[in-house]
Amino acid sequence: MSLHSTFEGWRDFRLAAENLAIGRSGRALTADLSFSLAGGEALVVTGSNGAGKSTLLRTLAGLLPSLAGTIRVSGDGIEVGDPPGLFAHYLGHADGMKSGLTVRENLDFWAAMLGRQGSSAEAALAAVDLPHVADFPAGYLSAGQKRRVALARLLVARRPLWLLDEPTTALDVAAQQRFAGIMRAHLDNGGIVVAATHSPLGLEGARELRIEAQRARGATA
Amino acid sequence: MKSPLAALLLRELRLARRIGGGAAIGVVFFLILVTIVPFAIGPDLNLLSRIGPAILWIAALLATLLGQDRLFQSDHEDGSLDLLRLSDAPLELIVAIKCIAHWIATCLPLVVAAPFFGLMLAMDATALAGTTATLLVGTPALTFLGAIGAALTASMRRGGLLSAILILPMAIPVLIFGVSAASAASGGTIPFATPLLVLAGLSLAAMALAPFAAAAALRGMGD
Numbered sequence: 000m001s002l003h004s005t006f007e008g009w010r011d012f013r014l015a016a017e018n019l020a021i022g023r024s025g026r027a028l029t030a031d032l033s034f035s036l037a038g039g040e041a042l043v044v045t046g047s048n049g050a051g052k053s054t055l056l057r058t059l060a061g062l063l064p065s066l067a068g069t070i071r072v073s074g075d076g077i078e079v080g081d082p083p084g085l086f087a088h089y090l091g092h093a094d095g096m097k098s099g100l101t102v103r104e105n106l107d108f109w110a111a112m113l114g115r116q117g118s119s120a121e122a123a124l125a126a127v128d129l130p131h132v133a134d135f136p137a138g139y140l141s142a143g144q145k146r147r148v149a150l151a152r153l154l155v156a157r158r159p160l161w162l163l164d165e166p167t168t169a170l171d172v173a174a175q176q177r178f179a180g181i182m183r184a185h186l187d188n189g190g191i192v193v194a195a196t197h198s199p200l201g202l203e204g205a206r207e208l209r210i211e212a213q214r215a216r217g218a219t220a
Numbered sequence: 000m001k002s003p004l005a006a007l008l009l010r011e012l013r014l015a016r017r018i019g020g021g022a023a024i025g026v027v028f029f030l031i032l033v034t035i036v037p038f039a040i041g042p043d044l045n046l047l048s049r050i051g052p053a054i055l056w057i058a059a060l061l062a063t064l065l066g067q068d069r070l071f072q073s074d075h076e077d078g079s080l081d082l083l084r085l086s087d088a089p090l091e092l093i094v095a096i097k098c099i100a101h102w103i104a105t106c107l108p109l110v111v112a113a114p115f116f117g118l119m120l121a122m123d124a125t126a127l128a129g130t131t132a133t134l135l136v137g138t139p140a141l142t143f144l145g146a147i148g149a150a151l152t153a154s155m156r157r158g159g160l161l162s163a164i165l166i167l168p169m170a171i172p173v174l175i176f177g178v179s180a181a182s183a184a185s186g187g188t189i190p191f192a193t194p195l196l197v198l199a200g201l202s203l204a205a206m207a208l209a210p211f212a213a214a215a216a217l218r219g220m221g222d
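Just so you know, the protein sequences line up as chains A and B, in that order. In terms of numbering that gives the first Met the number 0, the first sequence opens at residue 0 and continues consecutively. In terms of numbering that gives the first Met the number 0, the second sequence opens at residue 0 and continues consecutively.
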C-alpha cells in the first residue's frame, strides 16, 4: 500500500502472553490467559460487557499492572525486557484529541511523542478519507470524524502492535471498510492487531479470544 | 523530526494560549485579589506598603492554585494521558515538561505583572524589585508542588478543592521564605540573600522530587 511505500515492515515481531491474570485494584477478572501472536496475525477479543476486554488491552499496553503472568514482545531491534507499551498503539474509548488544537497539530504532536515517524498527517488523513479537515480545530469534528482522526494517529507513528478498544465505534459502513483495509495493510507489514469488539471487523483469519468474567479460557485458533 | 519533549512543551504552550486554556485568567485573578485588599484594609499607605509583599505572595499563591487542577485532568478525560504513558519519554520527564509549560503560561505573567500591581499597594522600588525576584525564584516550587495534588486528583471531577487542600500545607514553607526575603529587600535585620537562597533551594527540591511523586500518582491512578 502506498502508505508504507518506503517502509519494509517489521521482521519477526511477536507478542506472547503467558498465564496472564488481569484485573483492577487487585481484583482478578480473568486468570490464566495464554496466547502467542506472530507478525501478521490478528486477535479479536470478545466477551460480554464487563468481562475484561478493555482491561486486557490496557494490561497489554502496560497501562494497568498484570496480576500474574508475563507479557513479552520480541523482534528485530527489541531488547529482552523492553516494555510492550513502547511498541504499541493504544486506541481507547477516548480519542486523545485536544479540541483547541487543529487536527494537524494533534497528529503532528502524537507523531513526535510516539516516535518512529510514519505517514505525514496529510497522508494519514487521506487514508481515513478526511483530507479536508487538517486545519480545523479538532473540537469542530463530529464523533465519527474524531474517531477517524484517532485512527489516522495509528499511521503517523509506526508501532507494530495495535491495541484497539472498540475501534469502529461511531464509524459509518464505508469508514469501517476503509479501516479494515488499513488493518490488513498493517498485518501485511508484519504488524499485530489485538482488537476488542462486539461487531465484525472484516479481518479474515483473525483468531478469537473469548473472555468470560471469572473464568479462564485460552486462545482458540 | 521534533523531539518528543519539545513537541510536548509546544503543545502545552499552544493549549494554554488558546480558548479554554485559561492562562490569562491567572493574571486577572491576581489583579482582582490585589485590588480587593486595599478596600478591605483601608487607605493606610504605610500599612499597605508594609504588608504589600505578603499580599502579593498570597495572591500569587492563590492564582497559581487556580487552574492547576486541570494540569492532568484534561489529559485524563480526553485519553491523552494514556497515550503519553506509551511514549518513549519517561513519565517523570513528561510531568516536568508539563509543569515547566504551566509555569511559563501562568506564573511568568504573574511575575511580570507583580511590580505593576505592587504600585497599587504603595510599595517602593526596592520592595517591588525584591518581591518580583522572590516570586520568580519561588513560583516554580508552587507549580511543581501543585503538580502532585493535580496528579492525585486527576481522575476526580471537581478535584480542584481537594488538590488545593492537599497542596496548601506544603506551600507554607515557600510562602514563609518568599515573604521574608521580599520583606528583607526593603530593610530589616536579615540580609536579602539568606531567605532567597532557602527559597531557591525549596524550588530546586520541588523540581527534582515532585515529578517522581506526580508520575507515581498518575501510574497508580487507573488501577
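It is possible that some hints are incorrect.
Only some residues are given here: those of chain A computed to face chain B with a beta carbon under 8 Å [unchecked claim]:
{"hint": "1", "residue": "A60"}
{"hint": "2", "residue": "L62"}
{"hint": "3", "residue": "L66"}
{"hint": "4", "residue": "G68"}
{"hint": "5", "residue": "D94"}
{"hint": "6", "residue": "M96"}
{"hint": "7", "residue": "G99"}
{"hint": "8", "residue": "A111"}
{"hint": "9", "residue": "M112"}
{"hint": "10", "residue": "G114"}
{"hint": "11", "residue": "G117"}
To be clear, the hints were calculated from the coordinates, so they are not data collected in a lab. On a predicted model such as this, the values are computed, not experimentally measured, just so you know. Glycine residues also receive a C-beta, built at the ideal position from the N, C-alpha and C atoms.
To see whether the hints hold, each was checked on the structure:
1. Interface restraint check: A:A60 against chain B, minimum CB-CB distance 6 Å, threshold 8 Å, status holds.
2. Restraint check, A:L62 versus chain B: the minimum CB separation of about 6 Å is within 8 Å; hint holds.
3. For A:L66, the interface hint is violated, since its Cβ never comes within 8 Å of a Cβ in chain B; the closest pair sits about 10 Å apart.
4. Proximity of A:G68 to chain B is violated relative to the hint, the smallest CB-CB distance being about 16 Å (cut-off 8 Å).
5. The criterion of a C-beta within 8 Å of any C-beta in chain B is met by A:D94, whose closest approach is roughly 6 Å, and the hint holds.
6. Given the 8 Å rule on beta carbons, the hint for A:M96 holds: about 6 Å separates it from the nearest Cβ of chain B.
7. A hinted interface residue such as A:G99 counts as satisfied when its beta carbon comes closer than 8 Å to some beta carbon of chain B; here the least separation is about 4 Å, so the hint holds.
8. Below 8 Å, beta-carbon pairs count as interface contacts, and A:A111 has one with chain B at about 4 Å; its hint therefore holds.
9. With its C-beta approaching chain B no nearer than about 5 Å, A:M112 sits inside the 8 Å limit, and its interface hint holds.
10. With a cut of 8 Å, the hint placing A:G114 at the interface with chain B holds, because the nearest CB-to-CB distance is about 5 Å.
11. With a least beta-carbon distance of about 11 Å to chain B, the hint placing A:G117 at the interface is violated under the 8 Å criterion.
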